[in-house]
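Chains as they are written, first to last, in my numbering: chain X, 1 to 114; chain Z, 1001 to 1113.
Be careful, since some hints might not be right.
Stated by the list, open to error - In silico BS3-like pairs for lysine-lysine, Cα to Cα no more than 25 Å straight-line:
| id | chain 1 | residue 1 | chain 2 | residue 2 |
| --- | --- | --- | --- | --- |
| 1 | Z | Lys-1057 | Z | Lys-1100 |
| 2 | X | Lys-80 | X | Lys-28 |
| 3 | Z | Lys-1056 | Z | Lys-1100 |
| 4 | X | Lys-26 | Z | Lys-1100 |
| 5 | Z | Lys-1071 | Z | Lys-1056 |
| 6 | X | Lys-28 | Z | Lys-1056 |
| 7 | X | Lys-70 | X | Lys-26 |
| 8 | X | Lys-70 | Z | Lys-1100 |
| 9 | Z | Lys-1072 | Z | Lys-1100 |
Stated by the list, open to error - What follows is a list of derived Cβ distance ranges for each label pair:
| id | chain 1 | residue 1 | chain 2 | residue 2 | range |
| --- | --- | --- | --- | --- | --- |
| 10 | X | Ser-20 | Z | Ser-1054 | 40 to 46 Å |
| 11 | X | Leu-62 | Z | Gly-1041 | 21 to 27 Å |
| 12 | X | Gly-16 | Z | Leu-1046 | 34 to 40 Å |
| 13 | X | Thr-102 | Z | Phe-1039 | 17 to 23 Å |
I should point out that these hints are in silico values taken from the structure, not numbers from a laboratory.
Virtual Cβ for every residue (Gly too), placed ideally from N, Cα, C.
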Amino acid sequence: AQTIHQWPVAEIKAVGSPLSLGCTIKGKSSPNLYWYWQATGGTLQQLFYSITVGQVESVVQLNLSASRPKDDQFILSTEKLLLSHSGFYLCAWSATGINQDTQYFGPGTRLLVL
Amino acid sequence: QQQVRQSPQSLTVWEGETAILNCSYEDSTFDYFPWYHQFPGESPALLIAIRPVSNKKEDGRFTIFFNKREKKFSLHIADSQPGDSATYFCAALASSSFSKLVFGQGTSLSVVP
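Taking the hints into account, I'd like the entire structure generated from these sequences.
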């Protein structure tokens, strides 16, 4: 069975400070990986997706960047946090091939920027 | 235009009633329509999904009705239970661009005992 782990569980950071969030999936070879952001009480906005190691596509610009250093790892980062970065960050995965449409979410990281 | 509209924003039903959540879209390339539910403090979880080859998909108490001509789809929750109280999101995706899953604004469902 596939398991998806996100770290940290929660963060409180200062405006202007750097950020790095991580996501690891186990039990699935070469998954498609995604980052989403959800404002409190809001909907989900896709930020990035990756279909292979070293390749990341940006969906929306929020002064964030993403990288996929390993097949099972996806990193979200920024050098300078903004107040607007507060929210719930979700990593998701999907299989490749005929089941690639179905996306499954990890437990998420809650970020508060002060 | 890649947008999914969802209504109502909030819904309250009595236990045992059928809750009906509605979504519509404009992009004709969308061909996969999942519903997720999200409990407070948790991440979204896939509930049920449909492709337009059929106009109905059932899974226990949950049924999706799909109207391709009107570009509308709905989630019916039969015999609603207090444990169904959550936020429900519809979404849509075009398989040709599988990565871009577009979500509706969500419906907050409360089931009153």
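Quick one: which hint numbers does this structure break? Sort them smallest to largest.
Numbers 2, 6, in rising order.
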